[in-house]
Each structure stands twice: as C-alpha cells, then as structure tokens.
Amino acid sequence: MTPALLLSLLVGVLATILVLPPAALSGWLFARRSFRGKALAETGLMLPLVVPPVVTGWILLLLFGRRGLFGHALDEVGLRIAFSTAGAVLACAVMAFPLAFRACRVAFEQVDPRLEGVARTLGAGRARTFLAVTLPLAKGGVVAAAILAFARSLGEFGATMVFAGNVPGETQTLPLLVYTLLQTPAGFDAAWRPALASVALAFLLLAAGEWALRRRPA
Amino acid sequence: MILDVVVRTPLSPSFALDAAFVLDFDRQGPVAALFGPTGSGKSTTLAAIAGVLRPQRDRIRCDNDVYFDWGLPIWLPPSSRRVGWVPQDSLLFPHLTVEENLRFGVRRARGREAPEFGDVARVLELSALLSRGTSSLSGGERQRVALGRALLSGPRLLLLDEPVSALDEASRLRALDFVERVVEEFRVPALFVSHQRTEVLRLAKWVVRMEGGKSVEEGPAAEVLGNLPSPGSVDNLLRLEPGPLLSGRHVSVSAGVKVERPAWARLPSAAVLLARRAPTDLSARNALPGRVLSIVEAGPLVRVAVDAGQAISADLTPSAVRDLGLSPGADVWCVFKAQALEVI
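Heads up: the sequence lines are chains A and B, in that order.
The numbers in the working numbering rise by one with no breaks, and the one at position 17 of the first sequence is 17.
The number in the working numbering is simply the position in the second sequence, starting from 1, with 1000 added.
Source of the hints: derived by calculation from the structure; they are not laboratory data.
Zero decoy hints are in this set.
Simulated restraints on C-beta separations:
| # | chain 1 | residue 1 | chain 2 | residue 2 | range |
| --- | --- | --- | --- | --- | --- |
| 1 | A | Ala127 | B | Ala1298 | 53 to 59 angstroms |
| 2 | A | Leu131 | B | Asp1026 | 36 to 42 angstroms |
| 3 | B | Asn1064 | A | Gly78 | 55 to 61 angstroms |
| 4 | B | Ser1136 | A | Glu210 | 26 to 32 angstroms |
| 5 | B | Gly1299 | A | Glu109 | 56 to 62 angstroms |
| 6 | B | Ala1222 | A | Pro21 | 55 to 61 angstroms |
| 7 | A | Leu25 | B | Glu1223 | 52 to 58 angstroms |
| 8 | A | Ala127 | B | Val1216 | 39 to 45 angstroms |
| 9 | A | Ser34 | B | Ala1166 | 27 to 33 angstroms |
| 10 | B | Asp1119 | A | Leu131 | 28 to 34 angstroms |
A short, non-exhaustive set of chain A residues, derived as facing chain B with CB atoms under 10 angstroms:
| # | residue |
| --- | --- |
| 11 | Asp112 |
| 12 | Pro113 |
| 13 | Arg114 |
| 14 | Leu115 |
| 15 | Glu116 |
| 16 | Ala119 |
| 17 | Leu122 |
| 18 | Ala124 |
| 19 | Arg126 |
| 20 | Ala132 |
| 21 | Pro136 |
| 22 | Leu137 |
| 23 | Lys139 |
Since we're looking at a predicted model, the values are computed, not measured.
Where is the CB? At the ideal position from N, CA and C, for every residue including glycine.
Using the sequences and the hints, build the whole thing.
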C-alpha cells in the first residue's frame, strides 16, 4: 500500500501546485471583472465537476494522447503525458480545477475592492496591489482552495484511470489500488488498509479546509 | 496649483454626475470643499480625481498633468497621480499594522519632496500606535492613520472624503484640528468633501456646492454657505466655531423693499458687554437677556459664556467679573453694537 499512498500524496501535491495559479487568476478575474459571455465561461470552467470523470479522461486523451491535438507535438519533443505520472497529475488538476476556482473566486469577492483602490492611489501598480493587498486578504480562501484541490486529487479515479492508466508505482494512486484489489477475492480483504487510509486523509483535509475558511485574516 | 475638473458619467438610470469646476489653490486658499447633501455626487467626483472611478466623459487636470481626457483619450492610473485619497471609512489595510499601513506608499515618495515619517507620526500623534493592528483603533485614530498614510506617499493634493463624519462630536473637533495642522505643516493643498456646513466653514475658504449630481455654485465659503437656508439646528456650529455663531434672519431694505433671508453671524466675544440689569440710556440697541454658563480664564482676560437663547461669550477683565459679581447661573444682559456682527 505504501507506494500507492506516497504516489497519491505526490500526485496530489503536484496537481495542487499546478492548479492553483490558474484557479487564482481566473477566480480573481471572475470576482473583479465583467465581460461578455462571463456566465457561459463560468459554466465551461465548472464542467469537470459534473461531466462524468471517465469522459473528462477521454477528452484529455483526445488532447494529450500520443496522436492528440497537443500530445502529438509533445511527443515530437519526447514528452509523454498520457499513461505517466504527469498524466495522473494533469487529470487530478483538471478535476480539481472547478473546486479551486470557485473557492478562490469567493475568497477574492470578499476582499473590499476599495482597499485595492487605496493601494493604487498610494502608488502600487496592479501586480503589487494583488500581491500585497488582495492575495493576503484572500489568504484563508486560497488556502482552503488548495486543500480542496489536494483532497479532490486524492479521491480522483475515473479520469486518472482512463488518461493515466493503472500502472503500479507510476499512476496507481490509492483509489486505483483499492479498485484493483477489489477485483480479486484475496484482495477484497486486503483493501481495508488503503480504504481506511483514504478515509482518514479525507477527514483530515476536510477539517483543515474548514479551519482555513473560518480563520479570519489577522 | 490648479485643479480643473469636468466630469460627466451616468451612475444609475436616473442619476448622472455632471460636475465642472476649477480650483486655484494658490489664490483661493489651501483647502477647498465639495459641499452638498448626501448623494449629491461629491464622493464620486473625488473618486474620479483619485482615479479609483473612471468617469465616462471629459477631463481632469492637475496643473500640467492630464489625469483624464476623454477626447485624447488619456487615463492616468491612480498610482501615477500622486494624490492622497482618504476615504470616508479610512479603509486601512486590515492585514497590516499601523506602521505598515503608514509605510505602504513611501516607495512612490522616494526621491521626491515628501513628508518625513517622523514628522507625520509626530503631527498626527501616531507614535504610540505604530505596532498596533488596525482593528483595535478608534474612529479618530483610524482617520489619522489614513491621513498619515496618504501624506507619506508624497501627494501633491489631498482628497479627503467626509474626513470626520464617522466620528462622534468630541473626536470630530480634534480630527478637524489634525486636518488643519497637516495642511499647514506639510503644505499640501486639500480638497475635502462634506455635507456639514460647520466643517466647511471651519476648514475651507473656497466651496463648490453640489446638488443632485451637478455642481451648482462655487465661490468663497462664506458667500456660498451664507446664501443657503439655515439648517434646523446650529448646535454643532456654535460648538465648533472659535467665536460663537448666531443664527437668525438678515433683513435688509433696498429700494424700499424689505428683503429677509436666514443668516448666520459671528459675534466676536471682544465686542460683547455684560450688564447685570437691563441697560437704559445706551446707544447700543442690542441687549439680550441670558444666564451665565461658565467663566473660564483666557489669557489675561476671562471668557464668560452666556446662554442668551443662543450661545454668546464675552471677554471681560478679571476685575470686571469681580465687580459685577458674576458666577455661573447669574442673570446678565449681553450688549453689542449691530456693526459688531459679522454676517455670513
């Protein structure tokens, strides 16, 4: 079970790191700006939450598979994403995006935009205003977004299975291990350990997420 | 310094901002005011000058700098305008200490002639607060930190949005003092927004009056405010003004027509005599009966505050107070010549 647990944690951390910048950026954009087609765009961003994960995995294959839209070009420079650990990370990141995006958006919406205005009149440019005012004030929500993304990654099954496969040590995370074990009568009894580990991790992460959201900025 | 503002922008289907004025701070005095009732567009105009709100049309210029020109088009970002915007509710950064708040804008001030940190902390009496968080500050303290933060960013112009209206009466007086001291000490002109006539009279020499989103009148404070109907209560005014102000009706006769208008007048306490009995055989025609409220030493003289329906004070010599046997509660008559009244 240990390799699957460690791989789960690694994939979860990398997926969180991968998903957080775009989630924060789009969260900020949707919290602060209005533009044509905003509602439609938001629906699009939220899709991975409701589309069957297997379908998301299939779309990822279409895009990043060896003959896929981007996968073809990546293959030429020797990069293989599908059926690799990188693929598992990408699949988890895509699946975690809607949750992270939504949490970031709410976090930025709660920051008084007039504080950003004050920062601008005090000479701060857009970047410094974001880094020195907006982001610190939205910190709790962004941390919560990261925890949510991490938790979602640990639970990811369908998209990973289709896009990254079920290769022990490479793409076989805890849920895939549990699934694999359940296929054989002998494994059925062995499945309780990874299953329990998943439940314990999920519990800890949910509690941490709640804590981050409730904490008031100092 | 000349501030040239022509802003037009729709704010809601039924309300549009349409303000146009030119302020010449060198000639009209270092403090000017946008005066008008709540919702008349004052704060929006101020926000447009600060650059936190982009109006639809026309222009904002400060000396040779174009902040905004609809026709060119130019929109100078707020970070390049060098204005110190002090919003009504202070808007301190809640995640920073008082000192970090104060220092937020010093980067822009670097290399420019700008107030020193130590001087700002001294004038605004902030030294004891520096390490505190912002949530434990009182309203007056918050306002001072916001003012200091704006000053330390090296502004050429301060924009004060209702600087004292969120405060209680006692802190309001002090807060006005601080604004006055800042303008004097650091020689930064200020445009402030207020719906309180008393604050405007106290701070500003020049006033732009706004109503329903439009700038309707501008001129010297006493003229613009003197033409307005008197408010129901002049309580604040009497407490705020260095010499008490009286409210009443100004009656003048021109070409045989009697013109009456509500007016305020300042009655310098040096011009008031006190008598223990109703004066007779006296050339002064104005004598108001009242009761002594308090007797306070004021330098070599003694200031006697009298409730004569309105608050009046008289500066007497200590021996006069003794000879008349004045003490709080004593009945007196306040006597003054009509010419001593400064009608505003």
